[in-house]
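So the sequence lines, in the order shown, correspond to chains C and E.
Counting from 1, position 68 in the first sequence corresponds to residue 68 in our numbering; the numbering is continuous, with no gaps.
Counting from 1, position 34 in the second sequence corresponds to residue 34 in our numbering; the numbering is continuous, with no gaps.
Quick caveat, the hints were computed from the structure, so don't treat them as lab data.
The beta carbon of each residue, even a glycine, is placed where N, CA and C say it ideally should be.
One thing to keep in mind: the hints can contain errors.
As the list claims (entries may be wrong) - Now the stretches of chain E that chain C is said to cover, found in silico as 3 or more residues with beta-carbon under 8 Å: (1) 4 to 18; (2) 21 to 27; (3) 31 to 45; (4) 57 to 63.
What the hints assert, rightly or not - In silico EDC-like links for lysine to aspartate or glutamate, alpha-carbon gap of 20 Å or less: (5) K133(C) to E106(C); (6) K75(C) to D157(C); (7) K133(C) to E67(C); (8) K133(C) to D58(E); (9) K75(C) to E159(C); (10) K133(C) to E152(C); (11) K75(C) to E161(C); (12) K133(C) to E161(C); (13) K75(C) to D58(E); (14) K75(C) to E71(E); (15) K75(C) to E25(E); (16) K75(C) to D148(C).
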Amino acid sequence: MTAPLPGRRYTEHMAVPAVAVTTAPLSLEAVIDVVSAGGSASGAVASFSGLVRDHNQGRTVTFLEYEAYVPLAVKGMERIVSEAGETWPGVRLALHHRIGRLDPGEASIVIAAAGAHRADTFSACRYAIERVKQIVPIWKREHFEGGDVWLEGATADPEDEAARAQALRVSCA
Amino acid sequence: MRVTVRLFARLRDLAGSGELVRELEEPATVASAWRSLVDEYPQVAEYERIMSVAVNADYSRMSAAVRDGDEIAFLPPVSGG
Chain C
1 MTAPLPGRRY
11 TEHMAVPAVA
21 VTTAPLSLEA
31 VIDVVSAGGS
41 ASGAVASFSG
51 LVRDHNQGRT
61 VTFLEYEAYV
71 PLAVKGMERI
81 VSEAGETWPG
91 VRLALHHRIG
101 RLDPGEASIV
111 IAAAGAHRAD
121 TFSACRYAIE
131 RVKQIVPIWK
141 REHFEGGDVW
151 LEGATADPED
161 EAARAQALRV
171 SCA
Chain E
1 MRVTVRLFAR
11 LRDLAGSGEL
21 VRELEEPATV
31 ASAWRSLVDE
41 YPQVAEYERI
51 MSVAVNADYS
61 RMSAAVRDGD
71 EIAFLPPVSG
81 G
C-alpha cells in the first residue's frame with residue numbers, strides 16, 4: 001500500500017505505478033499520465049472515475065469505509081492489466097483504488113486506458129472496473145443515517161472463466 | 001504446526017479479530033484451518049459456501065495443503081470499485 005506523505009500528493013514522491021491501493025485521495029491525472037507516457041502513437045485515452053454516491057438503495061449515505069487485503073488486491077489489479085493487455089494488444093491500462101474512509105463525492109477508483117483507437121480504450125476501462133468488482137479483494141462498509149452494513153458482491157475467483165467472459169461481454173457491448 | 005488466519009470485512013467483525021494464530025495437526029489443509037475457526041466462532045459458518053480463500057496472498061482452494069508459518073485468508077464476497 002502507498003502511504004501518503006504529509007502535505008504531498010501520493011503521486012509526488014515516486015514514479016507512479018500502473019496499479020496502486022492507497023489511503024490517499026486519488027488523482028485521475030496520475031493514471032492518465034501513466035498510460036500516456038512515451039505513447040505518442042496513442043490516438044485515444046479513455047478514463048473512468050468511480051465516486052461515492054450520497055444515496056444507495058434508498059438510504060442516505062454518510063460515508064464509506066473501504067478495506068483491502070492489500071498484497072492480493074495489488075496482484076488482482078496486476079492480473080487485470082495483464083488480461084487487458086492480452087485482450088487488446090497495445091492498450092496500456094492503469095488503475096488506482098483508494099481504501100479507508102471516503103466521503104460522498106470522493107473517488108474510490110480511477111482507471112485510464114490508452115491505445116491507438118477509441119473502441120479498445122473504452123472497452124479496456126469498462127473491463128477493468130467490471131473485473132475489479134469480480135476478483136479484487138476489497139470491501140466497502142456503507143455508513144448511512146441509522147446504521148452501517150458491509151456490502152458483499154461477487155465470490156472472488158480469478159479462474160472463473162464465465163465471470164471473465166461476462167466482464168468482456170459488457171465491455172464490448 | 002502453526003498458521004496465521006486473516007479475516008476481512010464482515011467475517012472479521014463476526015470473529016472479533018482480523019488476525020488469529022491457529023495450531024493445526026499435520027497434514028493440514030485450508031479446510032482444517034476453517035474447521036478450527038468455525039469450532040471457535042460458529043457464527044462464521046454461513047460464509048463457507050460464498051467465501052474465497054488465499055494462502056500466502058494467492059488465491060487458493062479449501063483442499064490445498066498448508067505448511068507451518070503459512071498465512072491463510074478467508075475472504076467474503078468482494079465489493080470494491
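Here is what the structure says about each hint:
For the region 4 to 18 of chain E, the assignment as covered by chain C holds, since 5 residues bring a beta-carbon within under 8 Å of that chain's beta-carbons and 3 suffice. Counting residues of the region 21 to 27 of chain E whose CB falls under 8 Å from any CB of chain C gives 0; the rule of at least 3 is not met. With 0 residues bearing a CB less than 8 Å from a CB of chain C, the region 31 to 45 of chain E misses the requirement of three and the coverage assertion fails. Beta-carbon proximity to chain C at under 8 Å applies to 3 residues in the region 57 to 63 of chain E; the threshold of 3 is reached and the given coverage holds.
Restraint check: the Cα-Cα separation between K133(C) and E106(C) comes to about 18 Å, which is no more than 20 Å; the hinted pair holds. For the given pair, K75(C) sits about 13 Å from D157(C) by alpha-carbon distance, which is consistent with the 20 Å threshold. In summary, the hint linking K133(C) to E67(C) is supported, as the alpha carbons are separated by about 14 Å, within the 20 Å threshold. Simply put, K133(C) and D58(E) have alpha-carbon atoms about 17 Å apart, close enough for the 20 Å limit, and the pair holds.
The hinted pair formed by K75(C) and E159(C) meets the criterion: a straight-line CA distance of about 14 Å does not exceed 20 Å. Our distance criterion of 20 Å between C-alpha atoms is met by K133(C) and E152(C), whose separation comes to about 10 Å. At most 20 Å may separate the alpha-carbon atoms for a hinted pair to count; K75(C) and E161(C) meet this at roughly 18 Å. The straight-line distance between the Cα atoms of K133(C) and E161(C) is roughly 15 Å, inside the 20 Å bound, and the hint therefore holds.
A distance of roughly 8 Å separates the Cα atoms of K75(C) and D58(E); the hinted pair therefore holds under the 20 Å criterion. Taken as a hint, the K75(C) and E71(E) pair is honoured in the structure, with Cα atoms around 16 Å apart against an allowance of 20 Å. Restraint check for K75(C) and E25(E): the C-alpha separation of about 31 Å exceeds 20 Å, so the hint is violated. A threshold of 20 Å between alpha carbons decides the hint, and for K75(C) with D148(C) the separation of about 29 Å lies outside it, so the pair is violated.
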